[in-house]
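Undergrad: Chain residues, written in single-letter form:
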Amino acid sequence: MNPSLLLFGLLGLPLASFLLWSCFWLLGFTWPEKIIGRTVKVVYGLMFLLFLTLCLQVYQNPQHAIEIRVGDWFQLNHYEYPLAFQLDYITMPFAGLTILLSGIVASFSVTYLHRDPGFLRFFLLLLLFSFGALLVFTASSLDLLIGGWELVGITSVLLIAFFQYRPEPVKNALKVFATYRLADLCILVAVFLAHQWYGSAEWSRFREIASHQDGHEIPATMFSLIAVLLVLAASGKSSQGPFCGWLARAMEGPTPSSAIFYGAISVHAGPYLLLRAAPVIHQSLTATILLFFIGSTTAVLATMIQRSCSDAKTSLAYASQTQLGIIFCEIALGWHTLALIHVVGHATVRAMQFLRSPSMLSDYHRQHSGAGGVLQATGKHYDALLPVKWQRKLYCFAMFRGFHEALWERILWRPLYALIRLLVKIERAPSRHPMKPNPSPPPSIVVAE
Amino acid sequence: MTTFFLLPLPYLSLGLLALLFGAVFCSPRFPSFNRRRIALVVLGFSLVMFVLALLKIQVRSVTAESDPWLPCFSTDAIDGLPLVVFLFVAILAVCLAPRRDIRDRCLSGIFLLVTGTTCIYASNHLWVVNLGWWLTCVPFVGAFFGRTEDHKQTSIALIVSAILLTLSTIFLHASHWSNVANISQWSLFFLVMTVILRKGIFPFHSWTLRSFESGPLLPKALLFNSHLGALLVARAQSSGMSVLDHPSLEWLSILALVTALVTSLRGLIEKKPRRLMAFVCISQASFILSGLLATNAEGVMGGMLHWMVVTLASTALIGIVRILEVRVIDVADPTVPLGLAVRAPRLAVFFLISGLALVGLPGTMGYCAEDLLFHGVQDHHSVMGVALLLATAINAINLMRLYSVLFLGVLPKNVIEVPDALPRERWPLTALMMILIVGGLYPRWPIALRHDAVKSIPLRVNDLPHHEDGLH
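Line by line, the protein sequences give chains W and L. Residues 5 to 453 in my numbering are what the first sequence spells out, letter by letter. Residues 3 to 474 in my numbering are what the second sequence spells out, letter by letter.
It should be emphasised that the hints constitute simulated quantities derived from the structure, not laboratory data. Glycine included, each C-beta is placed from N, C-alpha and C at the ideal position. Be aware that one or more of the hints could be misleading.
Every beta carbon over 10 Å from chain L, so not counted as near; a handful from chain W, in silico [said to hold, decoys possible]:
#1 81
#2 232
#3 408
Straight-line Cα separation of at most 35 Å, DSBU-like style, residue types lysine-lysine; simulated pairs [said to hold, decoys possible]:
#4 154/L with 179/W
#5 415/L with 38/W
#6 274/L with 415/L
#7 457/L with 429/W
#8 397/W with 179/W
#9 179/W with 273/L
#10 274/L with 175/W
#11 179/W with 415/L
#12 274/L with 154/L
#13 154/L with 429/W
#14 457/L with 175/W
#15 175/W with 384/W
#16 273/L with 429/W
Turn these sequences into a full structure, and let the hints steer you where they fit.
TA: Pasting the structure below:
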């Protein structure tokens, strides 16, 4: 079977399901939970079959990689937005994880979200996320990758605010969105610079330039700038380095979404970007050092914070961050295969841990009763090797999340708000006459026409 | 079918006449059962006429086609599509407007505004443009949309811009009427000032903000989305006035960028929905000028597409906020998030999609518009490109804040029953979403529609092999 057809089936199934359901719902149609649940399971089942066939085709190919070029999505003058995909040893594990784990999470959520008012909303967002993630992992250019990247971001934010009737998830979703947008700026600037300097943002072009195959002397600063921007973008998606504060906030969403986004797929989009951009990153010493620094510092900080957390999901979030930091270090050191294996292992285990977290207490009791009584804690931890004074200091440091947010407040938000206040003064438009409410409606309920 | 388009019928004249009739018949002096229905029929008729005029030039493959009855009106590549889009949003505005917003002289005011704007778009004569410009001031000066005090700043800004345009026309007439490329310094100065004032460019953006603050919102949406400043710039460029020959146009581009940044930053501390929405809309609308003045095909095409996206998406946003305002009083100045998504989930989805399309969500027309625009502007000037990216990122944050204030959070106890989108709101909003999404999934279609318009604007010739400008 034609691989391009298979790939379009793989990408088209979640997108078409999302668009169809959304349109019908907008026009006033609704369905019972049973139909929604079964349809989603069928969609993921079909996607998995298509993926297996595609895997076979990639394996049978002599280069173990397939390039699919459909043409340009749009083109103007010499600017092209290529609609090109690539399936190789990096894409297939990530795509496989996405389909398999999304399917498992969908199946789990049918029961978990039973009778929840946001039942359909959750599945619509899950389908859109699957499409976005598959687009990220199969795109053969940064242009197309951004499309999926932003879809993954927006679905993530909407799922954090899933329980919209509580104020905390709403507040945290906004903060996560702001962090995402700041980090996404880096990847957007990198794409535009790549187009401006190299005429294309395709991975093959990056590889060519990195190996100097095209005979051009590329100034090192240009390379470094793009590589650093990509490292920062990946850090944003994986909650590393300067962006390490958002992952714990994202735990406000329902558990299945935490499993698929922050345990399994979404946070691993960062390492995927790094693995793809590895030829560019390794050409720049600055970017490589920065990557290692970000990964190692986040891993140390997150493991400390994780030990001071009192709830299961936040603890798992910081544990994820630690592993992601280690994966970043592996990529910086050039151990790409190890990083890939680490990603697959971590995503699977962490998704399972997240899905089990609501029944953790029950598991605990079952474990103890299975052992025939209460198991005694050993009390042996490496932390005990440190002097007590240091233990306390580190505990405080961890309790305040490494003073990360205070630092952001001081470096970014305060100067920014000072600037905005200055703008307000210049504008002289802070309502001199406060806006009057509309005259007619009665104070409470208003059903208009 | 093709021969039908080629018939020498006066489509533009008929469309304009219908609008004038609409202004008269929808006035309170003509009692009627359902003014909204009459207005929709009239606007629908005009829309069909303008679509036919647009198809006529496309079938004939000509750059412009004058109207057989009134030769001072013509359809060309630049104005054809924006005119159709403007009429479509006018229909949308009338559909979405709550009853209290189409009472008394409001509908007549909307018709006068639409007629004036249509005159400006369709005219090929500067004095007729002036006439249309003055006509757009009438509903605000004449208090068609409520008390005069509410529209004081708007009226002043509109009148001053009309005076400046008239002055520019007089100076142009006195010097080189035939060739805009040799425009006198004074004429150019007045023209640039007209654009700055009408478009609400920094430091004259506060009148646009004030106009959003009080009274019915949908006429303001039509005023805002006429984008007459952008039209003037596109017209001036298509007449041979290039940014390269006239550095003041470069300054206009920089000011547009400053507006985008300043208004996006200002929005960060704003809490009232109307003002926050105004900041987002002003900021995003100022991208259009940056794109049009980028002197390369990508930038100009991006600007042209963004023009359409801003028109469609901001009308939907403004309409939804107004719908919510008349249903829940707390929307005017909410102290806590209102959580209206529970009662009005469809309005929440319409709001989210149109808002995200405005700031360039992938899969919507806004994405390809911004992609082309940023490439063009970055190619023209790297720092400007990065600044625009920053502005759009902040706008997205502002938009999500607005969404969360209106739709997320705990539903106030006094709000018991709020209807979701009514059929007259749901269908036009769905149509609008479809345009934004289909245009985003198949961007070749809107690009092809604006191809001739971009071709009519002079572009920089760059000899770098992969940046050679000009369209194929």
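Undergrad: When you check the alpha-carbon spacing of residue 415/L and residue 38/W, does it fall within 35 Å?
TA: Holds: residue 415/L and residue 38/W sit about 33 Å apart, inside 35 Å.
Undergrad: For residue 81/W, which was marked as not at the interface, is the minimum beta-carbon distance to chain L over 10 Å?
TA: About 4 Å separates residue 81/W from the closest Cβ of chain L, which leaves it inside 10 Å; violated.
Undergrad: What's the verdict on residue 273/L and residue 429/W, does the C-alpha distance respect the 35 Å limit or exceed it?
TA: holds (17 Å)
Undergrad: Please verify whether residue 179/W and residue 415/L have alpha carbons no more than 35 Å apart.
TA: holds (27 Å)
Undergrad: Measure nothing beyond the straight line between the CA atoms of residue 457/L and residue 175/W; if it is 35 Å or shorter, mark the hint as holding.
TA: violated (47 Å)
Undergrad: Evaluate the condition: distance from the CB of residue 408/W to the nearest CB of chain L exceeds 10 Å.
TA: With a cut-off of 10 Å, residue 408/W remains clear of chain L, as the shortest Cβ separation is near 20 Å.
Undergrad: Closest CB-CB distance from residue 232/W to chain L, is it above 10 Å?
TA: The assertion about residue 232/W holds, with a minimum of 14 Å to chain L.
Undergrad: Given the proposed pairing of residue 179/W with residue 273/L, does the C-alpha separation stay at or below 35 Å?
TA: holds (16 Å)
Undergrad: Is residue 274/L close enough to residue 154/L, meaning Cα to Cα at most 35 Å?
TA: holds (21 Å)
Undergrad: Please work out if residue 274/L and residue 415/L have their alpha carbons no farther apart than 35 Å.
TA: With Cα atoms ~20 Å apart, residue 274/L and residue 415/L stay inside 35 Å; holds.
Undergrad: With a cut-off of 35 Å on the C-alpha distance, tell me whether residue 154/L and residue 429/W pass.
TA: holds (22 Å)
Undergrad: Would you check the hint for residue 154/L and residue 179/W, treating anything up to 35 Å between C-alpha atoms as holding?
TA: Distance of about 38 Å is beyond 35 Å: violated.
The structure shown violates the earlier hints numbered 1, 4, 7, 14 and 15.
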